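**Q** First to last, the protein sequences are chains A and V. Here the first sequence is numbered in the working numbering, starting from 60 and rising by one per residue. Here the second sequence is numbered in the working numbering, starting from 60 and rising by one per residue.
Hints in this document: simulated from the structure, not taken from any laboratory. The structure presented is a predicted model; accordingly, all values stated were derived computationally and were not measured. We treat Cβ as the ideally placed atom computed from N, Cα and C, and that holds for glycine. Some hints could be false.
Under the rule of at most 20 Å between Cα atoms (straight-line distance), these lysine-lysine pairs were calculated in the PhoX-like manner [said to hold, decoys possible]:
no., chain 1, residue 1, chain 2, residue 2
1, V, K288, V, K498
2, V, K214, V, K498
3, A, K441, V, K498
4, V, K412, V, K118
5, A, K118, A, K288
6, A, K105, A, K289
7, V, K565, V, K232
8, A, K105, A, K162
9, A, K105, V, K565
10, V, K214, A, K392
11, A, K412, A, K118
12, V, K160, A, K253
Across the chosen pairs, the derived CB separations fall in these ranges [said to hold, decoys possible]:
no., chain 1, residue 1, chain 2, residue 2, range
13, A, S345, V, P164, 52 to 62 Å
14, V, Q520, A, V158, 53 to 63 Å
15, A, N348, V, K355, 34 to 44 Å
16, V, E390, A, E524, 48 to 58 Å
17, V, K355, A, K105, 43 to 53 Å
18, A, N526, V, Q520, 14 to 24 Å
Number of protein chains: 2
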Amino acid sequence: MRSCVFGRHSLRSGLSKSVRTGSELTDLRTQVWTRWIQTSSDKNSKGSNPQLAFPCLDKLEAKNEMLGRSQACFNDAGPSSLEAGPEPSYANVTTGFDVFKCKKPIFLDNGGYFPEYHIAYETWGSLNSDRSNAILIHTGLSASSHAKSQPRNAKPGWWENFIGPGKYIDTDKFFVICTNVLGGCYGSTGPSSKDPANNDYYATSFPIITVNDMVRAQRELVTQEFNIKKLHASVGASMGGMQSLAYAWEFPDEVENIISISGCARSHPYSIALRHTQRQVLMSDSNWNRGYYYGKIPPHIGMKLAREIATVTYRSGPEWEYRFGRNRADESKTPALCPDFLVETYLDHAGEKFCLEYDANSLLYISKAMDLFDLGSRNMEKALVRRRQAEQSYNSSNFIPQSAIPPEPYQDKNISKPTNPDESLADLRKGLEKIAHKKFLVIGVESDILFPVWQQREIAQVLQESNRGGDIRYFELGTDVSNYGHDTFLLRLDHIGDPVREFLLK
Amino acid sequence: MRSCVFGRHSLRSGLSKSVRTGSELTDLRTQVWTRWIQTSSDKNSKGSNPQLAFPCLDKLEAKNEMLGRSQACFNDAGPSSLEAGPEPSYANVTTGFDVFKCKKPIFLDNGGYFPEYHIAYETWGSLNSDRSNAILIHTGLSASSHAKSQPRNAKPGWWENFIGPGKYIDTDKFFVICTNVLGGCYGSTGPSSKDPANNDYYATSFPIITVNDMVRAQRELVTQEFNIKKLHASVGASMGGMQSLAYAWEFPDEVENIISISGCARSHPYSIALRHTQRQVLMSDSNWNRGYYYGKIPPHIGMKLAREIATVTYRSGPEWEYRFGRNRADESKTPALCPDFLVETYLDHAGEKFCLEYDANSLLYISKAMDLFDLGSRNMEKALVRRRQAEQSYNSSNFIPQSAIPPEPYQDKNISKPTNPDESLADLRKGLEKIAHKKFLVIGVESDILFPVWQQREIAQVLQESNRGGDIRYFELGTDVSNYGHDTFLLRLDHIGDPVREFLLK
C-alpha cells in the first residue's frame, strides 16, 4: 500500500480505521454541534433574531478533530498498528502500476533538476513486433496512470470506456501507455517524494516544473523502457492536450499523430486567473504550512475550497441550469450561509470528495505548470537556455543549487503595458512551425470556460497557416451536443470518440 | 468618524496611525522574511534544489501581526487614543451621508425582522414642487450611498461621471437618491450594527435578507422622508438591476420608469456557484469566527481571497488578454507559486485593496440575498406568507424569535432531479405579469460572465410576451463595444449612458 499524501503510511488509513471502529465522526459532530448551540445561546439569548447555524463549519471542525486524533494515533502507536485490516478504497489508485526509475538527472525548463526520478505507468494491449503501435495517453491535472482497469487494478479508470478492445482507442490494435505526470502523487516523483539528496520530502523545495519537463520525463520511459522509436500517437485532453502538443514539439520525429482535446498552445490570462485563485486559497490554509504538512494534518479545507472553485470552471451554466436549477437542498429549511441551493451542496460534495485524495503540493506545482505552458518561440528559446545552464552548472566541479530566495523581499514591478495580439500570435506561429508538418486532430468544446474554444481554433489555425504540409483536422462540439464544458472529454465519450477513432486508424 | 467594520472606533484607524508613525510594516516584513529564510535554510540545506520563497505569505503574516498590534493598542489604551490625528482616507465613505431612522419594525421575506433600522442615503439635485422628478439609484453588492461627490463628501462616487448637471442622469432635471442597502456597512443597518434588543453586534444573529427586503426598506425612506408618491425612475446595475425590478414589483404604482442594467429576474445556479465559493472561502478564515470578529482581527485574508474570486467574475478574458497577456510581473525572477503573472498581481492588489474596506458579514448576507433573488411567482408567494407569519407572530402576545438552529445537525437531502425549463419560465412569466404593463429599459452586456446576457434578454422577452401593453426596451452591448464584462456599467459610461439618458427624458 502506498499513499501519496502522507508517505508510506497513510493518515487516511488511520481515518478509515476510525470510521470502521464506530460512529466516531457522528459523535464528534454532535459534540461540536452541542458546544456551538450552547455558545451561541449564551451569546444571543436576547437578540431580535435567532443565531444562524453553520452545519458546514461544524462538519469541518469535526473532521479536523478526527484527523488530529488519527494523527495522534499514528504518532503514538507507530505505523504498524495502522496496517492491519483491509486496504482503504483509495489505495486502489496507488497500487497496480509499474514504476520506471530513471537514474539519470533531468534538467528543467526553469533551471532546477532532479538527480533521479520515478514515472509511474500502466499499459493496455500489446506492443507489436516493430514497436510501431504505441499510443501515449497524457492525463489532466489530478489523474493517475489508471486510465482503465487492468488485471492488477480492477477499479474503473478515468477513461474506462474510451480505451479497450473495440473501443475508441482500440487495445486490440494499439499498445496504450498512460503515466502519472512528473510532479504528481500517484507513484511518480512529486513534492510528496523524498529528495535523494537529503532523504527529506521535497515539499516546496521541489523545483518549478513545466508541461515540457513532464513530456521529457515520459520520453525516457517510452524510449528506455519500451525501446519505442516512434509513437503511433500522442493523445490527451485538458493538460493532456497541452502535453500531446508538447511531446510533438520536443520530439517531432518520434510521434506520428497528435490528438489534442480541450487543450491550448499557450495558457490564457483568464485561465491563469482561475487557477491563481485556487492556489492562493489552498496556500492560505494554515495547515498547508508552506508545503511542510507531510506527517501532519493536511490542508484539507484549502484543498476542498480549491476543488470547489475548480469544479465551477470544469462545467457550464446551462448544464447546471438543467441539473440543479434554483432548487434548494431542503426547501423546508430557512436559507443559510452554508451550502443551501442544490448547486452548492454539489460543489461542497465535490470538494469534500477530493480534499484527501490528492496531494496539495502536487496540485500547486502542476497547476503552475499549466500556467507556464506556452509553445511560443520566445518562451521555448528561454527554457532551452535555462535548461542548458542548469546542466552546465551541474556538470561543473563547483555545483551549488542556485538559491531561489532573493536577498530582499520580492517586489512586484507590475509594469502594465497593453500587449500586442499580433506580435504574440506571430510568436506562437514561429513556435509551432517546428511541428506544423505533422498530423493533428484538434478538438474543441464550445461550452468550455477554462480552455475556451477559440484556443483550440487557434491551435488548428496557426498550424494550418504555416503551410508546411501538415494534416490538420479540427473538430468542434457545439452547445447543441455538449453543455458539459471542460469535462466533456470525460462525459461525452461518443462525440469525442468517433473522430478520435477515425483519426487513429486512418 | 464611523467605521462599519469595527464599530465606532476603527481598527483601521489604528493601522493608519501605525503606518503614519514610521516604517513599521516594512520592518515587520523584513523580520518575517529573515525568520523564514533562516527556517528554510535549516530545513533544506542539503536538498537538490533551493527552497521556494513565499513573499505573498510573508506579506500576509506581517499584516496579521500589525493588525494584532493595532488591536492590542486599541484594547490597552482605549479608543480615545486613536482619535487624534487626521481622518484616515477610508473614512470618506462613512461620512457625509444622511440617515433615515425607521422606528417601525420591518418583517422579512424569510421570517426574521428588525425592530427598527437605519438607511443611509445621499441626494443630488432638487425635488420639484409636485415631487415627481425623483430617481432612486440602487447599488451593487459592496457600494455605499456615495454614488457621486457632494458638498459633504467631495470624494468621487462610484458613478461619479454618470450622475450630475448635464450628465446621463441629469441632476439639473432630476432629484437623485442613493442609499446604502439594508445589510450593508456604510451607515445602514447591517450585521456590524448593534441589535437594539440586546445592544450586541448583530453579527450572524442578523437574519437572512432578500433584495425585496432591501427595496421595502428604501420605500420607507422615499415615502416617509421625502413624501414621494411616485418615483420618476428606479435605476440600477448588477444587484442594483435586481433592486430596480424588485422595487417595481413590490410597488408597481409607485414608479414610472424602470432601468435594469446587467441584472436578472432570478439568479442562475452558475452565479450562485460563483458567489458560493467566495462565501465559503471567507467563512473558512478562522478570523471570521462565525461572524463574531468585531473588536478583533477581521478575516482580512478570507476577504482578500473572496474579492480575488469575485474580480475574476467581474471582468472578461479578452480584456485581460489585451491588458496583461502572458506578461509576468518580473521576468527576471524564477516562476513562483505566489503571484507571478501580471494578471495574478492585479488580482492580488484588487483583493488587498478591498479586504479592510468592507465588512465581511455584509458581504456574506448581501451575496446570499443575490442568490435568493427570484421574481418567479412561487418564490414571491412563499415570501409573502413567511413575512405575514413573522408579523403575526410579532403582534401576538407570546412572541419568541423562532430558532434557526435545528435540534439535530442539518443533513442535506440532496434530491437531484432535472429541472423543467419550461415550467420554470412559466413561473417567471407569472411572477413578472404584475409589472409587465410598465416602462422598462433593460441593458445587457455580451461579455458578462456573472450575469450572462441571456438573463437580460430573458427579462425583456418575458415582459414583452406578457402582452400587457408595457413599453419594454432592450439594449445590448456586444463584445465589439465592451470587453469589460460585468463591470461595464462602471467603465463604459458612454455606451450605457446614452440609452439611459434618452429613456429617462422620453
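**Q** Now look at each hint and say whether the structure bears it out.
**A** Comparing the hints with the structure gives:
A hinted pair counts as satisfied when its Cα atoms are at most 20 Å apart, and V/K288 with V/K498 qualifies at roughly 17 Å. The hinted pair formed by V/K214 and V/K498 fails the criterion: a straight-line CA distance of about 34 Å is larger than 20 Å. The hinted pair formed by A/K441 and V/K498 fails the criterion: a straight-line CA distance of about 60 Å is larger than 20 Å. With a CA separation close to 14 Å, the supplied pair V/K412 and V/K118 stays within the 20 Å bound.
With a CA separation close to 53 Å, the supplied pair A/K118 and A/K288 exceeds the 20 Å bound. Only pairs whose Cα atoms come within 20 Å are accepted, and A/K105 paired with A/K289 is rejected, the gap being roughly 76 Å. For the given pair, V/K565 sits about 13 Å from V/K232 by alpha-carbon distance, which is consistent with the 20 Å threshold. The suggested pairing of A/K105 with A/K162 is violated, with an alpha-carbon distance near 70 Å, which exceeds 20 Å.
Taken as a hint, the A/K105 and V/K565 pair is broken in the structure, with Cα atoms around 53 Å apart against an allowance of 20 Å. At roughly 44 Å between alpha-carbon atoms, V/K214 and A/K392 are farther apart than 20 Å, so this suggested pair is violated. With a C-alpha separation of about 14 Å, the suggested pair A/K412 and A/K118 falls inside the 20 Å cut-off, and the hint holds. Our distance criterion of 20 Å between C-alpha atoms is broken by V/K160 and A/K253, whose separation comes to about 65 Å.
As the Cβ distance of A/S345 to V/P164 is approximately 42 Å, the hint placing it in 52 to 62 Å is violated. At roughly 59 Å, the beta-carbon separation of V/Q520 and A/V158 lies within the given 53 to 63 Å, and the hint holds. Checked against the given bound of 34 to 44 Å, the beta carbons of A/N348 and V/K355, roughly 23 Å apart, lie outside it. Checked against the hint of 48 to 58 Å, the pair V/E390 and A/E524 fails, with Cβ atoms roughly 28 Å apart.
Distance hint check for V/K355 and A/K105: the Cβ-Cβ separation is about 22 Å, which falls outside the suggested range of 43 to 53 Å. At about 46 Å, the beta-carbon gap between A/N526 and V/Q520 misses the expected band of 14 to 24 Å.
Hint violations for this structure: numbers 2, 3, 5, 6, 8, 9, 10, 12, 13, 15, 16, 17, 18, all remaining hints satisfied.
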